[in-house]
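Q: What follows is each chain in one-letter form.
Number of protein chains: 2
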Amino acid sequence: MPKTEQQNQELRDARREQILRVATSIFARKGMAGTKISEIAKEAKLSHGLVYHYFSSKEEIFTELVRNAASSSINVIHLANAQPGKATDKMYWMTTQILQSLKGENRLLYLLMMQASTSETVPAEVLDILKKHSPVMQTIPLIMEAQAEGDFQKADPIMLATTYYALIQGLAMNKIQWEDCPLPDADTILKVMR
Amino acid sequence: MPKTEQQNQELRDARREQILRVATSIFARKGMAGTKISEIAKEAKLSHGLVYHYFSSKEEIFTELVRNAASSSINVIHLANAQPGKATDKMYWMTTQILQSLKGENRLLYLLMMQASTSETVPAEVLDILKKHSPVMQTIPLIMEAQAEGDFQKADPIMLATTYYALIQGLAMNKIQWEDCPLPDADTILKVMR
DNA sequence: GTCTATAAGTTGATAGAC
DNA sequence: GTCTATCAACTTATAGAC
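Chains as they are written, first to last, in the numbering used here: chain C, 1 to 194; chain R, 1001 to 1194.
Everything labelled a hint here was simulated from the structure, so no lab data went into it. Treat each hint with caution, since some may be false.
Covered stretches of chain R, going by a simulated chain C footprint (3 or more residues, C-beta under 8 Å) [stated by the list, open to error]:
{"hint": "1", "stretch": "1006 to 1020"}
{"hint": "2", "stretch": "1028 to 1039"}
{"hint": "3", "stretch": "1118 to 1131"}
{"hint": "4", "stretch": "1155 to 1163"}
The structure presented is a predicted model; accordingly, all values stated were derived computationally and were not measured. Using N, Cα and C, we set each Cβ at its ideal position, and we do this for glycine too.
Could you build all of it, start to finish, from the sequences and the hints given here?
A: Have a look at this one:
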């Protein structure tokens, strides 16, 4: 019997997800230039021709992944702002969430965003996404609030934010190279701002 | 008049230096896979054929650069150990030195080592260099000393070392993307261990 | 020592059969 | 929807002229 339209749609969605999932892992480890379409296809267990049936180019896959990564990164900040308590408590909550995600597959997302902004071969659209949704800029109000409440040191909030995310990205990088490397707790990370 | 043997040697050395210098910059920004020999040649203002006259392969250039980077990274640790004062003072001195180097061209070296260990296309020799001369491992004795003297928190020294270098690498990465990004001072960095 | 031309191999992307 | 075959462009590396 022929497949229904809905079944086809589900199959299409599943394939797309499958491709995106393995692509995340490979892009994060090898970067945009180092990743071959054939490798994505091989790991997703389908022909490379089929990859082009779902995505029109390697760049399109990469762009979609960065878009998702930036989106979920920003989401954590919004959730943090919605938490009860002082600004420092919100930062603590956010840091805990990020540390948790570094232990799972989500750590790849931080590397993706990193490689997107360091590589000069990425399409302009990607850089635009990152600029508009920069975690650094989104976190600055929270940091300034914590400074006003006397919990963070009175230093340039931009400097504090970049330092904070430098540490996060560095830790994500470590986790890629050395899966079981020990991670600091949230308090240790927040010390750089106190 | 014909060039003397010594003049030729000097020319050869200068060319090698020239190639290595521009290669550092490009490798750091684009990684091993994203860097083309032709681009190195173009930026060094010579034909790509000539690059192969001085180096037998792209990997050889990369390997030599990583070797130099690891060497100078280890050198700072040795110099720090030779400084007078308590372990925490030595760590402060080292951090100041590293921050200073992040402001200059040397920041590229940290990125090189990072990309060397994340990319899976690098030759085994490179990974071996990094394992043997790992800054993390070399710094652990100093951290333990500072712990014994009560200046650093009593946490897993491996965790503290990885966190410290995660922050350094993250900052180096920031500097590449955003040349004038503000850097924390040595005290702020050392707070993660106090 | 330096360059241009070229060989050999790889990769992104497409076309067409099933 | 999926695969295999194939094209076109590019990249590493070499050979040979000057």
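Q: Okay, the stretch 1155 to 1163 of chain R and chain C, do three or more residues pass the C-beta test at under 8 Å?
A: Check passed, 7 qualifying residues.
Q: With a C-beta cutoff of 8 Å, work out whether three or more residues of the stretch 1118 to 1131 of chain R approach chain C closely enough for the coverage to hold.
A: Our answer is that it holds, as 4 residues pass the Cβ test (under 8 Å) against chain C, meeting three.
Q: Can the stretch 1006 to 1020 of chain R be counted as covered by chain C under the rule of three residues or more with Cβ-Cβ separation shorter than 8 Å?
A: violated (count 0)
Q: Within the stretch 1028 to 1039 of chain R, is the number of residues with a Cβ closer than 8 Å to a Cβ of chain C three or more?
A: With 6 residues closer than 8 Å to chain C, the stretch 1028 to 1039 of chain R meets the three-residue bar; holds.
The structure shown violates just one earlier hint, number 1.
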